[in-house]
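Novice: Single-letter residue listing:
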Amino acid sequence: GESVGLHLPTLSVQEGDNSIINCAYSNSASDYFIWYKQESGKGPQFIIDIRSNMDKRQGQRVTVLLNKTVKHLSLQIAATQPGDSAVYFCAENIRGSARQLTFGSGTQLTVLP
Amino acid sequence: DGGITQSPKYLFRKEGQNVTLSCEQNLNHDAMYWYRQDPGQGLRLIYYSQIVNDFQKGDIAEGYSVSREKKESFPLTVTSAQKNPTAFYLCASSVAGTQITGELFFGEGSRLTVL
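Protein sequences appear in the order of chains A and B.
Position 42 (the first sequence) corresponds to 42 in my numbering; numbering is contiguous.
Position 95 (the second sequence) corresponds to 95 in my numbering; numbering is contiguous.
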């Protein structure tokens, strides 16, 4: 079946630099996307979401970009901090689906001092 | 404060034993979900429930059972039929139904280890 996937399993960045985490999806019926952050041994926490009628959405230090043409999603974190070290998941929802979200395998972000 | 509470946080079980993981939410959400997470992997859906007294199988329901007798509670039983039950289990809830997309709220997880 179709699923959400990530380009890179790990990403290391210097503290203060910007981070970009990528995600590819293959189901054109997907109309809602979420980024979650999961710290070790904890449950995922919501970061930001975007609907398919938008290309970009900004939050506090985070921006999500959606390119429907190539079915690509990215999460940008500005001025990355040590507390940003975690696994980041993208998830998609298919319109009309009662199952809610389908998750990718995640990217481990490590912030270097 | 509103949220989702999972218990126990850590659980050990011997092979052949059934165990039940608790999930309680006070967010007044209609929908609740159970996911399994293995090391280095994403979340896989076990069961979900959109309303009291109703639930559906997810992608990996074999060896698991659930009940939804109350809106706020959605316990998961890991039965002896589950061949590889050692994993991190996450419960979630949402306000969303079939036609509304929305955020999932997660509990802190329960780590089950089979000895």
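Hints are not guaranteed to be accurate.
[Unchecked claim] In silico lysine-lysine, DSS-like type, Cα no more than 27 Å apart, as pairs:
id, chain 1, residue 1, chain 2, residue 2
1, A, Lys42, B, Lys14
2, B, Lys57, A, Lys42
3, A, Lys42, B, Lys70
4, A, Lys42, B, Lys9
[To be verified] In silico negatives: residues of chain A with every beta carbon more than 10 Å from chain B:
id, residue
5, Glu15
6, Ala24
7, Ile34
8, Lys42
9, Gln45
10, Gln60
11, Asn67
12, Ser74
13, Gln76
14, Gln81
15, Leu101
16, Thr102
17, Ser105
18, Gly106
19, Val111
20, Leu112
No wet-lab data here; the hints were simulated from the structure.
Even for Gly, the Cβ is constructed at its ideal location relative to N, Cα and C.
Novice: Run the C-beta distances from Thr102 of chain A to all of chain B and say if the shortest one exceeds 10 Å.
Specialist: Check fails; 8 Å does not lie beyond 10 Å.
Novice: Verify that the Cβ of Ser105 of chain A lies farther than 10 Å from every Cβ atom of chain B, and report whether the claim holds or is violated.
Specialist: Violated, because the least Cβ-Cβ distance between Ser105 of chain A and chain B comes to about 4 Å, which does not exceed 10 Å.
Novice: With d taken as the least Cβ-Cβ distance between Gly106 of chain A and chain B, does d exceed 10 Å?
Specialist: The assertion about Gly106 of chain A is violated, with a minimum of 6 Å to chain B.
Novice: According to the definition I'm using, a residue is off the interface if its beta carbon is farther than 10 Å from all beta carbons of the partner; does Leu101 of chain A meet that for chain B?
Specialist: 6 Å, violated
Novice: Is the Cβ of Gln81 of chain A farther than 10 Å from every Cβ of chain B?
Specialist: 22 Å, holds
Novice: Do the alpha carbons of Lys42 of chain A and Lys14 of chain B lie within 27 Å of each other, as the hint requires?
Specialist: Cα-Cα ~24 Å, so holds.
Novice: For the pair supplied as a hint, Lys57 of chain B and Lys42 of chain A, is the alpha-carbon distance within the 27 Å limit?
Specialist: Holds. Lys57 of chain B to Lys42 of chain A sits at ~24 Å (cutoff 27 Å).
Novice: Say whether it holds or is violated: Ala24 of chain A keeps its Cβ farther than 10 Å from all Cβ of chain B.
Specialist: 14 Å, holds
Novice: Just checking, Gln76 of chain A versus chain B, shortest CB gap more than 10 Å?
Specialist: About 20 Å separates Gln76 of chain A from the closest Cβ of chain B, which puts it past 10 Å; holds.
Novice: Under the criterion that the straight-line Cα-Cα distance not exceed 27 Å, is the pair Lys42 of chain A, Lys9 of chain B satisfied?
Specialist: 10 Å, holds
Novice: Checking a non-interface call: every C-beta of chain B should be farther than 10 Å from the C-beta of Leu112 of chain A. Is that right?
Specialist: 21 Å, holds
Novice: When you look at the beta carbon of Asn67 of chain A, is every beta carbon of chain B farther off than 10 Å?
Specialist: 19 Å, holds
Checked against the numbered hints given earlier, this structure breaks hints 7, 8, 9, 15, 16, 17, 18; the rest are met.
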